Amino acid sequence: MTILIRRATRAMLSANFEHCMANPKFDPLPLVRLFNPMGRAVWLITELYADGDTLYGLC
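Going by UniProt numbering, the first residue of the sequence shown is number 1, and it counts up by one from there.
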């Protein structure tokens, strides 16, 4: 499996998730930008859920 997001960045994304659970008005800035080189889709990732596998952000 290829690791796309470094551990330090994953920790920051997890912290954003915890912040959002504690304070629903918290609106984190995107920390990761993922894109499809064959298309025009871009994902701006703001949070990593507690399961360690689910990302949340903007598309």
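Calculated from the structure, these hints are not laboratory results. Errors might be hidden in some of the hints.
The calculated label-pair distances, taken between Cβ atoms and stated as ranges, are [said to hold, decoys possible]:
hint, residue 1, residue 2, range
1, Pro24, Thr2, 28 to 38 Å
2, Asn23, Thr2, 11 to 21 Å
3, Met38, Glu18, 31 to 41 Å
4, Val42, Met12, 16 to 26 Å
5, Gly52, Pro30, 31 to 41 Å
6, Pro30, Arg7, 31 to 41 Å
7, Glu18, Arg40, 17 to 27 Å
8, His19, Gly39, 10 to 20 Å
9, Asp27, Ile5, 29 to 39 Å
10, Pro30, Ala50, 12 to 22 Å
11, Pro24, Gly52, 29 to 39 Å
12, Thr2, Ala22, 27 to 37 Å
13, Thr2, Lys25, 33 to 43 Å
14, Met38, Ala15, 31 to 41 Å
Note that the structure is predicted; figures quoted are calculated from it, not measured. C-beta atoms are modelled at their ideal positions from N, C-alpha and C, and glycine is treated no differently.
Outcome for the supplied range 31 to 41 Å, where the beta carbon pair is Gly52 and Pro30: violated (19 Å)
With respect to the beta-carbon atoms only, verify the hint that Asn23 and Thr2 lie 11 to 21 Å apart. violated (33 Å)
Distance restraint evaluation - Glu18, Arg40, Cβ atoms, bounds 17 to 27 Å: At roughly 32 Å between Cβ atoms, Arg40 and Glu18 fall outside 17 to 27 Å, so the hint is violated.
Can you let me know if the beta-carbon spacing of His19 and Gly39 is within 10 to 20 Å? Because 32 Å falls outside the window, the suggested range is violated.
Evaluate the given range 33 to 43 Å for the C-beta pair formed by Thr2 and Lys25. For Thr2 and Lys25 the Cβ distance comes to about 35 Å; the hint holds.
Verdict for Asp27, Ile5 (Cβ pair) under range 29 to 39 Å: About 21 Å separates the Cβ atoms of Asp27 and Ile5, which means 29 to 39 Å is violated.
Could one say that the CB atoms of Met38 and Glu18 fall in the range 31 to 41 Å? This hint holds: roughly 34 Å between Cβ atoms.
May I ask you to test the hint 27 to 37 Å on the CB atoms belonging to Thr2 and Ala22? holds (32 Å)
With respect to the beta-carbon atoms only, verify the hint that Pro30 and Arg7 lie 31 to 41 Å apart. Violated, since Pro30 and Arg7 (Cβ atoms, about 18 Å apart) do not stay within the stated range.
Quick check: does the Cβ-Cβ distance between Pro24 and Thr2 fall within 28 to 38 Å? Roughly 34 Å apart at Cβ, these two residues keep to the hinted range, so it holds.
Range first: 12 to 22 Å. Now tell me if the beta carbons of Pro30 and Ala50 are that far apart. holds (19 Å)
Taking the CB of Val42 and the CB of Met12, does the distance hold inside 16 to 26 Å? 19 Å Cβ-Cβ, so the 16 to 26 Å window holds.
The structure fails hints 2, 5, 6, 7, 8, 9, 11 (numbered hints given earlier, in ascending order).
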